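Visitor: Listed below are the residues making up each chain.
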Amino acid sequence: MGKLDVKMNKAADKLTVQMAGTIDEDVDFSQFSLGGNPQIEVELSGLKSINSCGIREWIKWMGTAGPAQISFSNCPKVIVDQINMVDGFLPATGKVSSFFVPYYNDDSGSEKNVLFRYGTEFTEGGVTPPASVKDEEGNEMEMDVIESKYFKFLKK
Amino acid sequence: MKGHNELVKKRGLSIRYKILLLLTSLPLITLTVYLILALRIFEEDKIAYVFDSSSRMSGTMAAQIKTQLNGVLGTTKPIFQDYLSQQKFSSVGESIFQNEFNLEAIVVFKPSATGAYERSAILEKVPDQTAGVLAQLQNHMPSYFAEVEASRRVVKVPRNRPFAGGSLALFADGFGSQSDVTTVEKEKALGAVQILIRKSLIFFGLLISVTVILSLFASSGLTQALTQLFDATKKVAEGDFNIRVDVKSSDEVGSLADNFNIMAAEVSRLLDQTAEKARMESELQTAKTVQETLFPETQAKIGPLAIAGYYEPASECGGDWWHYCQIGNKIFLWIGDATGHGAPAALITSAAKSASTIIERLNITPAKALELLNRSIYDVSKGRIMMTFFLASFDLETGELAYCNASHEAPFLMKKGEGPLKKKDLIPLNEVNNPRLGQARDSVYEQTTIQVETGDLVFFYTDGIPDIQDPAKAAWGEREFIKALIAANKDFPGVSDSVERFAQSFQAHRQGAPLIDDVTFFVVKNEGLS
Numbered sequence: 010m011g012k013l014d015v016k017m018n019k020a021a022d023k024l025t026v027q028m029a030g031t032i033d034e035d036v037d038f039s040q041f042s043l044g045g046n047p048q049i050e051v052e053l054s055g056l057k058s059i060n061s062c063g064i065r066e067w068i069k070w071m072g073t074a075g076p077a078q079i080s081f082s083n084c085p086k087v088i089v090d091q092i093n094m095v096d097g098f099l100p101a102t103g104k105v106s107s108f109f110v111p112y113y114n115d116d117s118g119s120e121k122n123v124l125f126r127y128g129t130e131f132t133e134g135g136v137t138p139p140a141s142v143k144d145e146e147g148n149e150m151e152m153d154v155i156e157s158k159y160f161k162f163l164k165k
Numbered sequence: 191m192k193g194h195n196e197l198v199k200k201r202g203l204s205i206r207y208k209i210l211l212l213l214t215s216l217p218l219i220t221l222t223v224y225l226i227l228a229l230r231i232f233e234e235d236k237i238a239y240v241f242d243s244s245s246r247m248s249g250t251m252a253a254q255i256k257t258q259l260n261g262v263l264g265t266t267k268p269i270f271q272d273y274l275s276q277q278k279f280s281s282v283g284e285s286i287f288q289n290e291f292n293l294e295a296i297v298v299f300k301p302s303a304t305g306a307y308e309r310s311a312i313l314e315k316v317p318d319q320t321a322g323v324l325a326q327l328q329n330h331m332p333s334y335f336a337e338v339e340a341s342r343r344v345v346k347v348p349r350n351r352p353f354a355g356g357s358l359a360l361f362a363d364g365f366g367s368q369s370d371v372t373t374v375e376k377e378k379a380l381g382a383v384q385i386l387i388r389k390s391l392i393f394f395g396l397l398i399s400v401t402v403i404l405s406l407f408a409s410s411g412l413t414q415a416l417t418q419l420f421d422a423t424k425k426v427a428e429g430d431f432n433i434r435v436d437v438k439s440s441d442e443v444g445s446l447a448d449n450f451n452i453m454a455a456e457v458s459r460l461l462d463q464t465a466e467k468a469r470m471e472s473e474l475q476t477a478k479t480v481q482e483t484l485f486p487e488t489q490a491k492i493g494p495l496a497i498a499g500y501y502e503p504a505s506e507c508g509g510d511w512w513h514y515c516q517i518g519n520k521i522f523l524w525i526g527d528a529t530g531h532g533a534p535a536a537l538i539t540s541a542a543k544s545a546s547t548i549i550e551r552l553n554i555t556p557a558k559a560l561e562l563l564n565r566s567i568y569d570v571s572k573g574r575i576m577m578t579f580f581l582a583s584f585d586l587e588t589g590e591l592a593y594c595n596a597s598h599e600a601p602f603l604m605k606k607g608e609g610p611l612k613k614k615d616l617i618p619l620n621e622v623n624n625p626r627l628g629q630a631r632d633s634v635y636e637q638t639t640i641q642v643e644t645g646d647l648v649f650f651y652t653d654g655i656p657d658i659q660d661p662a663k664a665a666w667g668e669r670e671f672i673k674a675l676i677a678a679n680k681d682f683p684g685v686s687d688s689v690e691r692f693a694q695s696f697q698a699h700r701q702g703a704p705l706i707d708d709v710t711f712f713v714v715k716n717e718g719l720s
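Protein chains in written order, with the numbering used here: chain A, 10 to 165; chain B, 191 to 720.
Just so you know, the hints here were simulated from the structure itself, not pulled from any lab data.
Just so it is clear, the structure is predicted and the values come from calculations on it, not from any experiment.
There could be a bad hint or two in this list.
As the list claims (entries may be wrong) - Distance condition first, Cα-Cα at most 20 Å in a straight line; then the derived PhoX-like pairs of lysine-lysine:
#, chain 1, residue 1, chain 2, residue 2
1, A, Lys-86, A, Lys-12
2, B, Lys-673, A, Lys-121
3, A, Lys-86, B, Lys-236
4, A, Lys-86, B, Lys-673
5, B, Lys-315, B, Lys-278
6, B, Lys-425, A, Lys-161
7, A, Lys-161, B, Lys-613
8, A, Lys-12, B, Lys-663
9, A, Lys-69, B, Lys-673
10, A, Lys-164, A, Lys-104
11, B, Lys-236, B, Lys-389
12, B, Lys-663, A, Lys-57
Pulled out of the complex, with its shape left as it was, chain A reads as follows:
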């Protein structure tokens, strides 16, 4: 098994892609064809990191999907950061259906990733964060991102 594990499952006219691991210069996306699928759902919760060379390969790979509607679910912070920073990382036909937002409590050091879902915690218009996020000990947690930077992609 390489650094990236990709599982593809095609049902009817929808292709489901599950990714886990690292995307870097060693990745070979040519073995995972996205073409000819009107709908693609990419599940990214297992993705750990992506570097600048991996970004180049990712954008090329996404380009092979053509006009397919691509939905990205369970996007970890590393992916949200790239969506915000790199123009074209999110394909023109791509939408984020859910993504994780890191929370932390500075006193206890607890950390938690909270899933924001389209229609519940966010829409195209903006973010409606949970009123309160607490750790297992009941400590109030705060968002571990700069909101104006992290949620920037929702305003595009």
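Start from chain A and add chain B according to the hints.
Guide: Frame of chain A, contents of chain B only:
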């Protein structure tokens, strides 16, 4: 340092001669021991045989002598009686003597006053025929009679025909019980042993000669290969690693030679590799020196704008680049990060610097500047290497900052307020974003503007900063990065202090660990016109 000749010890006897010595000495010692043991057994057996045969012969001879003596005594008894009665040989006695064919002479000796024995009467068939024997007998007479006196029974007969050199003696112990002793010279009795020794020595000589010849033949085959290896190792010790040995044997020496050839080839390859690596390191060092010229002075003050920066590549050459320049009444602030790091990325930064030198003369907006820079990068890298970039121009008169982002980390504007800097005061400059440089040749770039008031700071950086790792490979992370940024600028210090404080923060986390990506940042501050 010791020379080659000092390191090589002086060698003793050649292994060839050692093998030869071993192969010849082993059979020589074995056969010698065998010969000694065999000769001893053979000699003892021979002595036993001689003893047995001699004793039997002595017994036979004693019996014959006894019979003959009894016969002689019986025949001569009347003659002696006649002489004793007449004190001379009478006609009777002479008649008996003449009729005994076995008797040649009868002599009577009488002891004289001196102890010697004088001849007083004699009967002989032929006159003086026995003169010689009688003279000899007369000479030995005293000793014979001394023995007679001693043993009272012994009559000794002198030998008239000495046996085999005169060492055989017969003793008649009286007429009734006679015993014979036979003595044989050891050299003669053990003559067969001497023959055996001589033949064995000849055989030994032949055997050793054959062994030496065969040993020479066998040892030369073995030592020839070893000599080849020895000569080859000498060459290697002298620094010639291209030497190879040609040994065709399939035994351990052949394997040793094969392994030597493999080892020499591997050492030769490693030496070439080391030389190549040294050459490449030298070239990289040159490239590093050249690349350092691409960066500006780390501190500057241009009008109201103070600038201070920090750059540290992850290897000899880096893919990060930052720069500032004044064009008219605008200060252009450049920061970019090429895909990856190292020499390939450094070449792209070099191209960016070259293009920027021309673009600076055109007096154009940041967006137009990045469009031109994008074409330059694309034409150089053909889409293989890209570059994130952020270009801003600060208007010295209005304090307006126009910026264009090509997918780079958004800098943070830190607005000076009443109190110390807080997290919510960090304003990412991310209102516009554009494709990376080199992604497509004809990309169009947009820009926007923001006001930078007196006292405001802007922090430009590359993405290598949150990735800084400690010796346990734990990344610094965005949270600590933001905390350090706020801590370094909480009182809106001068740019030098800002850079120094921030650098101290990540160096405290890093603890000397190597960088995994280039680290570049710079801070600008609108200090206003005094």
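Visitor: Given the hint that Lys-673 of chain B pairs with Lys-121 of chain A, does the C-alpha gap stay at or below 20 Å?
Guide: holds, 19 Å
Visitor: Under the criterion that the straight-line Cα-Cα distance not exceed 20 Å, is the pair Lys-161 of chain A, Lys-613 of chain B satisfied?
Guide: holds, 17 Å
Visitor: Verify the proposed pairing of Lys-164 of chain A with Lys-104 of chain A, using a straight-line Cα cut of 20 Å.
Guide: It holds: about 12 Å lies between the C-alpha atoms, which stays within 20 Å.
Visitor: Hey, Lys-236 of chain B versus Lys-389 of chain B, does the alpha-carbon distance stay inside 20 Å?
Guide: At roughly 17 Å apart (the allowed maximum being 20 Å), Lys-389 of chain B and Lys-236 of chain B satisfy the hint.
Visitor: When you check the alpha-carbon spacing of Lys-86 of chain A and Lys-12 of chain A, does it fall within 20 Å?
Guide: Holds: Lys-86 of chain A and Lys-12 of chain A sit about 19 Å apart, inside 20 Å.
Visitor: For a C-alpha distance cap of 20 Å, please report whether Lys-69 of chain A and Lys-673 of chain B respect it.
Guide: violated, 36 Å
Visitor: Do the alpha carbons of Lys-12 of chain A and Lys-663 of chain B lie within 20 Å of each other, as the hint requires?
Guide: holds, 18 Å
Visitor: Between Lys-663 of chain B and Lys-57 of chain A, does the CA-CA distance stay at or below 20 Å?
Guide: Roughly 15 Å between the alpha carbons, so the hint for Lys-663 of chain B and Lys-57 of chain A holds.
Visitor: Taken at face value, is the distance from the CA of Lys-236 of chain B to the CA of Lys-86 of chain A at most 20 Å?
Guide: violated, 112 Å
Visitor: Hey, Lys-86 of chain A versus Lys-673 of chain B, does the alpha-carbon distance stay inside 20 Å?
Guide: holds, 18 Å
Visitor: Given the hint that Lys-315 of chain B pairs with Lys-278 of chain B, does the C-alpha gap stay at or below 20 Å?
Guide: With Cα atoms ~17 Å apart, Lys-315 of chain B and Lys-278 of chain B stay inside 20 Å; holds.
Visitor: Below or equal to 20 Å on CA atoms is what counts here, so check Lys-425 of chain B against Lys-161 of chain A.
Guide: Measuring from Cα to Cα gives roughly 70 Å; hence the hint is violated.
The structure does not agree with the numbered hints 3, 6 and 9 stated previously, though it agrees with the rest.
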